[in-house]
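Fit chain B to the known structure of chain A by using the hints.
There are 2 protein chains.
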Amino acid sequence: MSELRQNPLSGQWVVYAPLRKKRPYDFHASERETAGLPERDTSCPFCPGNERMLPDIILEKPDGDGVSWMTRVVPNKYAAFESSCLEMNSENGPYAITPGYGYHEVIIESPIHNEDIPRMAPERVAAIVETYYKRYVEILADRKIMEVFIFRNHGKSAGTSLVHPHSQLIATPVVPAGIETKKKRAREYFRECKHCLFCDILRFERSSGNRILFENGSFVAFIPYAAEVPFELWIFPKAHQSDFRLISDTQKGELATMLKSVLGVLTQRLGDPDYNLLLSTFTRADRDDRSLHWHIVVRPRTTIKAGFEIGSGMAINPSFPEEDCRILKEGP
Amino acid sequence: MSELRQNPLSGQWVVYAPLRKKRPYDFHASERETAGLPERDTSCPFCPGNERMLPDIILEKPDGDGVSWMTRVVPNKYAAFESSCLEMNSENGPYAITPGYGYHEVIIESPIHNEDIPRMAPERVAAIVETYYKRYVEILADRKIMEVFIFRNHGKSAGTSLVHPHSQLIATPVVPAGIETKKKRAREYFRECKHCLFCDILRFERSSGNRILFENGSFVAFIPYAAEVPFELWIFPKAHQSDFRLISDTQKGELATMLKSVLGVLTQRLGDPDYNLLLSTFTRADRDDRSLHWHIVVRPRTTIKAGFEIGSGMAINPSFPEEDCRILKEGP
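Listed in order, the protein sequences are those of chains A and B.
Each residue of the first sequence is one higher than the one before, counting from 1 in our numbering.
Each residue of the second sequence is one higher than the one before, counting from 1001 in our numbering.
Derived by calculation from the structure, the hints in this document are not laboratory data.
Incorrect hints may appear among the rest.
[Stated by the list, open to error] Heads up, simulated DMTMM-like pairs for lysine to aspartate or glutamate below, C-alpha to C-alpha not over 25 Å straight-line:
1) Lys1305/B with Asp274/A
2) Lys1238/B with Glu1123/B
3) Lys1183/B with Glu188/A
4) Lys1183/B with Asp56/A
5) Lys252/A with Glu123/A
6) Lys1305/B with Glu180/A
7) Lys184/A with Glu1192/B
8) Lys305/A with Asp1272/B
9) Lys1305/B with Asp272/A
10) Lys61/A with Glu130/A
11) Lys305/A with Glu1123/B
12) Lys305/A with Glu1180/B
13) Lys77/A with Asp56/A
14) Lys77/A with Glu1323/B
15) Lys1061/B with Glu1138/B
16) Lys1184/B with Glu192/A
17) Lys1077/B with Glu1115/B
18) Lys1077/B with Glu1039/B
19) Lys260/A with Glu323/A
Just chain A, same shape as in the assembly (with noise of 0.2 Å):
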């Protein structure tokens, strides 16, 4: 059973999650090799055919042709949360603790071993972002949840143990620091100036424009002008919504086209960097929340947080965002 404890001088909740110590990890060279790797691994554990690897399937959406399906998801077998565990705080000398209640599952983005979300049909993209709203929407029901967190890690360096396509869902009993500093910082401005913070940033990014890689008609995909990292990437829906559970059917589309085309353009211009992918949401947000506003962020890896970042919690970003937009537009 996995515990959480508060670090009250950063506020940062840590999961110990001893379980974690046993995943395992198929990065057997330095360097990945989609190109090189096959269709199905008979030791893949989110190959058809080896779910007796799996430890259960919670969801699964079934492809046209009803033998086979387009995503799955199952609990993570190394989970640093766990619905079993019981909630209830208490307190050890200046510091806050609480079971790892939650959940930690990984969605399978495909049945294909080695089809990656640039390569894949537009309607397999569609059906990842249709199972990351449904399974959403229904663990929105545990009121013991506060936050849902989908993110894709790609890349060892990234934090990735296995291969094959998949993205993981994290549910926590607490909002973490990095949520309620959002938070915080975009109610404050939207008591200031009457608008949303996330809106204005859209709308000077619009205005600027040498920062603007990608638009459809509900989604626009730029490069910040605080970018943490080189081609740091923000998608934005264009119509104010709270929260993930608000999007529409029309927009679910257009974001598939939109991460296919953002993670396209990362292998093609980029030779495939490892990248962490976050859906940064609000969870327990009002439907009608005037000051938050969710969307996506997209990290690359290529730089090292060293002493200086840690301690001060400050950033060290060896490119401007416009010179990278303009490499991912044109090429270096």
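Same frame as chain A, now just chain B:
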């Protein structure tokens, strides 16, 4: 010239430092082999005899012999901050910006290329602490500086680009979000409990006992109850002291022996892991501030922050601090 832009969502400042793209790297293999390094390396800018490779020498602590030196302070050739930048705050849409005014220096810890802190004579480690102190106090005289960070990156995954033993100093014209949060939380705790949060943490750790690694007259080294990463170590001065500038001569000597012990046990028990060491202090704290308390944090780099950690600001630690402390004391 570098430029600072603030992320309005996180409050985090980002330093754009294009110079840093040109940093040298002398890690040829993926493994560090201190044992195999020479005492002097003709291509190392920090070795005696190679002064032509240094931009300048800001400070030098002579050795007793009058010929050689113990430590040197030099400008970081790939500086993220420079005191030649004009300081001038402005705004750009919803973003705050400011030039990268400040200091970025390297503290060369020894003339000997391959002698790291655990192998140094105690008086040589004391010379490093004295150099930290001297340069820290000198830079405090610049009233445009808000915070000074002293840190040590050890090993490639911790962000070092050169193996010759060295620390760095960065002085910033803003209070970074990480320090702002610590200050705020410590002050709230003091208002509520009428005690220093740091003194209470120390009291809690000493009464628990099973996470204390070393103690001497002035300092206690322990794995904190809510350590974010395996084998994270905190070194707290026993006396309540808000800012590093208040350190006494006795404390300086005892900090040197403590550093030697702490870094020595990491080498001995964990085989010289990569780590970041950070002096966490409160540069503009009043001499008699009762809520702030400087300290040192050592973070071995054995885990990767992936999507969930980046998005939530939570940490997942696969091992409990009590067990990590036992391993450092008794071996695995």
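Outcome of the hint check:
For the suggested pair Lys1305/B and Asp274/A, the alpha carbons sit about 13 Å apart, so the restraint of at most 25 Å is met. Our distance criterion of 25 Å between C-alpha atoms is met by Lys1238/B and Glu1123/B, whose separation comes to about 22 Å. For a cut-off of 25 Å, the pair hint linking Lys1183/B to Glu188/A stands: about 20 Å separates their Cα positions. For a cut-off of 25 Å, the pair hint linking Lys1183/B to Asp56/A is broken: about 46 Å separates their Cα positions.
Taking the CA atoms of Lys252/A and Glu123/A, the gap is about 11 Å. The hint holds against a cut of 25 Å. For a cut-off of 25 Å, the pair hint linking Lys1305/B to Glu180/A stands: about 19 Å separates their Cα positions. Restraint check for Lys184/A and Glu1192/B: satisfied, since their Cα atoms lie roughly 21 Å apart, inside the 25 Å limit. Restraint check: the Cα-Cα separation between Lys305/A and Asp1272/B comes to about 19 Å, which is no more than 25 Å; the hinted pair holds.
Restraint check for Lys1305/B and Asp272/A: the C-alpha separation of about 19 Å stays at or below 25 Å, so the hint holds. For a cut-off of 25 Å, the pair hint linking Lys61/A to Glu130/A stands: about 9 Å separates their Cα positions. A hinted pair counts as satisfied when its Cα atoms are at most 25 Å apart, and Lys305/A with Glu1123/B does not qualify at roughly 31 Å. A threshold of 25 Å between alpha carbons decides the hint, and for Lys305/A with Glu1180/B the separation of about 19 Å falls inside it, so the pair holds.
Restraint check for Lys77/A and Asp56/A: satisfied, since their Cα atoms lie roughly 9 Å apart, inside the 25 Å limit. Taking the CA atoms of Lys77/A and Glu1323/B, the gap is about 23 Å. The hint holds against a cut of 25 Å. Of the pairs offered as hints, the one joining Lys1061/B and Glu1138/B holds, with about 15 Å between alpha carbons and a cut-off of 25 Å not exceeded. Between the alpha carbons of Lys1184/B and Glu192/A the distance comes to roughly 21 Å, so the proposed pair stays at or under 25 Å and holds.
A C-alpha spacing of about 23 Å is found between Lys1077/B and Glu1115/B, which places the hinted pair at or below 25 Å, so the restraint holds. Simply put, Lys1077/B and Glu1039/B have alpha-carbon atoms about 23 Å apart, close enough for the 25 Å limit, and the pair holds. Between Lys260/A and Glu323/A the alpha-carbon distance is near 22 Å, which keeps this suggested pair within the 25 Å criterion.
Checked against the numbered hints given earlier, this structure breaks hints 4, 11; the rest are met.
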